[in-house]
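Participant: Sequence:
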Amino acid sequence: MPRAVDGTRRKDRRKKILKEAKGFYGRRSTNFRAAKDAVTKAGQYAYRDRKKKKRDFRRLWITRISAAVQSEDLNYSQFMYGLKKLNIEINRKALSNMAIEDKDAFSAIVGQAKKALEV
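Numbering (this note's numbering), first residue to last: 4 to 122.
Mixed in with the good hints there might be a few duds.
To be verified - Here are the computed lysine to aspartate or glutamate pairs in the DMTMM-like style, where the Cα-Cα straight-line distance is at most 25 Å:
#	residue 1	residue 2
1	LYS96	ASP52
2	LYS55	ASP40
3	LYS54	GLU23
4	LYS96	ASP107
5	LYS88	ASP107
Hints in this document: simulated from the structure, not taken from any laboratory.
Treat the numbers as computed from the prediction; the structure is a model and nothing was measured.
Given only the sequences and the hints, what does the whole structure look like? Please build it.
Facilitator: Right, here's the structure in full:
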């Protein structure tokens, strides 16, 4: 009866982990035990930060809109309330982009929001 050797399963599993650990610092990229922990932790950070990225971008857009609106003598919350009153549904990403690239159109929207607040 032929001798049973572990075969390629273990080797493939280890190779997969070490491939994912490529570019890691020191032993974490070459030593399986260290690489396994590092890859697991990297996966946790990646999962967490995919969620965090969405929050970070939203914060950035709000900051940009706020800065652009303040130059028009209005604050962010009043501006958003004015848009809500007018049933203008433009997302924050688009508003932020507009504030940077198309200042005239953004000023027009701010003007409309101001009018809605006065009424």
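Participant: Identify every previously stated hint that the structure contradicts and give their numbers, smallest first.
Facilitator: Violated hints: none at all, because every hint is consistent with the structure.
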